[in-house]
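S.K.: Sequence:
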Amino acid sequence: MSKITTELLLERAVPRSTRLRKIETLNLSKLQLKTGDLDPRLFSRLRHLQKLDLSDNLLDKFPNSLTLPDLRVLNCNNNKLEDVTALKQFPLLEELTYENNVYLTLNDDYKVMFLLQNLRLLNGKDITKLANHVRRVNSRKLTSKVTAHWEKFFRDQLPEKYTAEQVKSIRKKFLKSVQTNVVYGPSSLSEFTRWRVKMIAEEFLAYSLGLELNTDPEPEEKMDEDEEESTESPREAAEDVGQVVHICDPMVTVTPGKRKRNNSKPGSGNKRSKSQANTEEEAEDVSAEPLHFLQCHSKGNSREDFKTQLWSCVFEPLLDCGARKDPIVSSSRTVATCGGESVCLIDCETGTVLKKYKVATEEFFSVAWTTLTMVISDSRKKSHNILAAAGRRGIVKLIHVAADFCYGEIKAHKKPIATVCFSPTQETHLFTASYDKRIALWDIGIPDCDYNFKASQLLVLESLSIPLRIALVPTCPEQYLLAGCEGGCFAWNIKVDKEQKCRPFEAIFQFPDEDGGVTTSHRVDGLAFLNDDVIVSKSSKPGCIYLWSWSRSFEAKGKGYQRTVSAVILAELEWSTTDLSYLTLSTCPAKDYVFCGDEKGSVWMYNLSKYTTAWSSAKGKRSDKRIPPTQILKWPELRANGEQLTEILVNNVVSDPTFTYLVVLTSVNITAIWKKS
1 MSKITTELLL ERAVPRSTRL RKIETLNLSK LQLKTGDLDP RLFSRLRHLQ KLDLSDNLLD
61 KFPNSLTLPD LRVLNCNNNK LEDVTALKQF PLLEELTYEN NVYLTLNDDY KVMFLLQNLR
121 LLNGKDITKL ANHVRRVNSR KLTSKVTAHW EKFFRDQLPE KYTAEQVKSI RKKFLKSVQT
181 NVVYGPSSLS EFTRWRVKMI AEEFLAYSLG LELNTDPEPE EKMDEDEEES TESPREAAED
241 VGQVVHICDP MVTVTPGKRK RNNSKPGSGN KRSKSQANTE EEAEDVSAEP LHFLQCHSKG
301 NSREDFKTQL WSCVFEPLLD CGARKDPIVS SSRTVATCGG ESVCLIDCET GTVLKKYKVA
361 TEEFFSVAWT TLTMVISDSR KKSHNILAAA GRRGIVKLIH VAADFCYGEI KAHKKPIATV
421 CFSPTQETHL FTASYDKRIA LWDIGIPDCD YNFKASQLLV LESLSIPLRI ALVPTCPEQY
481 LLAGCEGGCF AWNIKVDKEQ KCRPFEAIFQ FPDEDGGVTT SHRVDGLAFL NDDVIVSKSS
541 KPGCIYLWSW SRSFEAKGKG YQRTVSAVIL AELEWSTTDL SYLTLSTCPA KDYVFCGDEK
601 GSVWMYNLSK YTTAWSSAKG KRSDKRIPPT QILKWPELRA NGEQLTEILV NNVVSDPTFT
661 YLVVLTSVNI TAIWKKS
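With UniProt numbering, the residue at position 157 of the sequence shown is 157, and numbering never jumps.
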C-alpha cells in the first residue's frame with residue numbers, strides 16, 4: 001500500500017488544508033518515499049501546487065505523469081535520482097535543487113537547463129545566462145554540425161525515390177554516425193552532447209528533409225511513438241506536425257470525430273434565406289481552390305483529436321521589403337496559427353509545418369507579429385521577426401522564430417488573454433485584451449544579444465465587459481483603439497504622453513437592434529478595418545455584419561462629455577442566420593475584401609471595391625439593401641471509412657495581404673489552406 005494518502009497530503013500541506021486543490025505548498029520530506037509511492041492519480045488533484053519538497057527520500061526517478069501544472073519550486077535533495085528528463089513535465093519550474101544525488105552529473109545540469117525554459121535557480125545558483133547559452137548558442141552550433149555531417153556523408157546515399165526500408169536503414173545509420181562523430185565542448189559534457197545531437201538529428205530528418213517512417217504516396221507526418229508531450233522549448237516542441245492531408249480532390253481521407261459547442265441552440269444554423277440561395281447561383285467565381293488540410297494542433301499529439309479549437313492566425317511579415325510601408329508586399333507565405341497547447345508556423349504553399357511551439361499547460365487564443373531591430377553578438381544591428389502568443393494562462397510568450405527560441409514571457413493578466421496585437425508604428429508596443437475586462441499596453445523592450453529584456457506596462461484601459469477583438473485606428477494608431485466586447489463596441493484614447501495611466505473608455509457605439517431601435521448592449525465578436533475609415537463589425541444579432549464610418553461616427557461625439565455615440569452605418573452584409581458566437585471576421589484592405597466563416601465550414605467572401613468610393617464621400621448614404629457575398633467557399637467532403645467529418649465551425653479565416661492564400665481555422669482541429677488562382 002502506498003505511503004501517500006489524501007489525509008497525509010492534507011496534513012503535510014503548509015499551512016494544513018481541507019482540500020487537495022487548495023494546496024500550494026507541500027512538504028513530503030523524510031518519509032522514505034520511493035518512486036512507486038508517487039501516485040499520479042492522487043497528485044493530479046494538486047492542481048494549484050507551487051512548491052514541493054521531496055528531499056531526504058529514496059526516489060530513483062520521477063513518474064512521467066504527475067500532472068502538477070503550476071509547480072514552480074521543487075526540492076529533491078538527498079535522494080537516489082538517476083535521470084532528470086522526466087522533469088520536463090513541469091514547464092513552469094523556476095527553482096530546482098537536487099544536491100546529494102550521487103548518480104547525477106554535470107550533464108544532467110545541462111539537460112534540465114535545456115528542458116526547463118523558466119528555470120532561474122539550480123541548486124541555489126542563478127543559471128539564467130548559462131541556460132540561455134545552452135539553449136541558444138549550444139543548440140545553434142550542434143545543429144550546424146549535424147547538418148554538415150548529413151551533407152558530407154549521407155545526402156547522396158538516399159535515392160530520389162525511396163522505400164520505407166531504405167528510410168529506416170539510412171535513419172539508423174545516420175543517428176549512430178552523428179552521435180559518434182559530432183563533438184562539441186569539453187569531454188565532461190559528452191553525454192549531454194550526444195543526447196542533444198540525437199534530438200537535433202531526429203528533428204532534422206523529420207522536418208528539414210521530410211524523412212518519415214511512413215512513406216505512402218501522401219505521407220502523414222508523425223512523431224515517434226515513444227515521444228512524450230513536449231514543453232514550450234521551441235526546438236523540443238517542433239517534434240510533432242500532426243496529421244497532414246494534401247488534398248487532390250474533394251474526397252480526402254482523415255479520421256472523423258465528434259465535438260460539442262456549449263453555446264449552440266438546438267436547430268440553430270440550419271435556416272437559409274432566399275437571397276442567400278440566389279447569391280450562390282449568381283456569385284462571382286474568384287477561382288480559389290483548397291490546397292491543404294492540416295491537423296497540427298492535437299493535444300498530446302493525438303491523431304484522434306478533432307475537438308481542439310483553433311482561434312487565431314496571422315501571416316509573418318517579410319524582413320526586407322518595408323513591411324510597415326507597403327502592405328501589398330509586407331507578408332510572406334508563412335502563417336502562424338494557434339489553438340490548444342500549441343502554436344504552429346506553416347508554409348501555405350507546401351503545407352509544411354515549419355515549426356511548432358508547445359506549452360502543455362496552455363490553451364493559446366491569439367498570436368501577433370512584430371519586427372525588432374536587435375543588436376547581435378558583434379554589435380551589428382539586424383531586424384528579426386518576433387512572435388507573441390497568449391491565451392488561457394494570461395501569459396504572453398515571446399518567440400524569436402529564426403533562432404527557434406522562446407526567450408521570455410510577460411505575466412500580463414491574472415485571467416485569460418482573448419487577443420493581442422502590436423502597434424504598426426511602435427514595434428515594441430503590444431496590446432493585450434483580457435477576460436479581466438482590461439486592455440493593457442506593454443512595451444516589451446528589445447532583447448540584447450543574451451536575450452535579456454525588460455517589459456513595462458504603459459497603460460490600462462478599463463472595459464465594462466470582456467474585450468474579444470481589438471483594432472487600432474489606421475489614421476491615428478497611436479491615439480485611438482477600438483474593441484469589440486461581450487457588452488458592446490468601445491473606443492479609448494491611448495496616447496501614451498497623457499498622465500492618466502488607467503483610463504475608462506471614451507466612447508461606446510450604438511447600433512440598430514432587432515426591434516428597430518438602437519442599442520449599445522450587444523456582443524461584438526468580429527472587428528476589423530476595411531480601409532482607413534470603414535470598420536467592419538459583427539454582432540451577436542443573427543446574420544448581422546455592419547460596415548460603418550469611424551470618422552463620421554466619432555465626429556458626432558464632439559468635444560463634450562457625451563460618451564454614447566451612434567455608429568454611422570454604411571451598409572450591412574448578408575451572412576448566415578446562425579446565432580452561434582465567436583465566428584470572427586477579417587479583412588484584406590488592399591483588395592477591399594471581407595471574409596467570415598460560418599457554422600457549416602463555409603467561407604463567405606465579399607468584394608466591396610465597387611462600394612468603397614461612395615462610402616468615402618462625406619455625404620455617402622447607407623446602402624438600402626444588404627450586400628450579398630461575392631462567393632461562398634464550401635467546405636469539401638472529408639471522409640474516413642465512408643464516414644463524413646461533420647459539425648465544422650469556422651472560428652477564423654485570414655488572407656495574406658495580396659489575397660493569394662486563405663487560411664481557415666476550424667472547431668475540429670483542422671487548418672484549411674485555400675489558394676486563389
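No lab work stands behind these hints, which were simulated from the structure alone.
Accuracy of the hints is not assured; some may be wrong.
Listed below are the simulated BS3-like cross-link pairs for lysine-lysine, each with C-alpha atoms no more than 27 Å apart in a straight line [unchecked claim]:
1. K676 / K600
2. K610 / K437
3. K414 / K382
4. K634 / K676
5. K145 / K80
6. K411 / K22
7. K414 / K307
No experiment lies behind these values; they were computed from the predicted model shown.
S.K.: It remains to establish, for every hint, whether it holds in the given structure.
M.R.: Now the hints, each set against the structure:
For a cut-off of 27 Å, the pair hint linking K676 to K600 stands: about 21 Å separates their Cα positions. Note on K610 and K437: the hinted pairing is violated, with a Cα-Cα distance of about 38 Å set against a maximum of 27 Å. Straight-line distance between C-alpha atoms of K414 and K382 comes to about 34 Å, which puts the hinted pair past the 27 Å bound. Between K634 and K676, the direct Cα distance comes to roughly 14 Å. Compliance with the 27 Å bound is thereby established for this hinted pair.
A hinted pair counts as satisfied when its Cα atoms are at most 27 Å apart, and K145 with K80 does not qualify at roughly 35 Å. Between the alpha carbons of K411 and K22 the distance comes to roughly 22 Å, so the proposed pair stays at or under 27 Å and holds. Taking the CA atoms of K414 and K307, the gap is near 26 Å; set against the 27 Å cutoff, the hint holds.
Of the numbered hints stated above, those contradicted by the structure are hints 2, 3 and 5, listed in ascending order.
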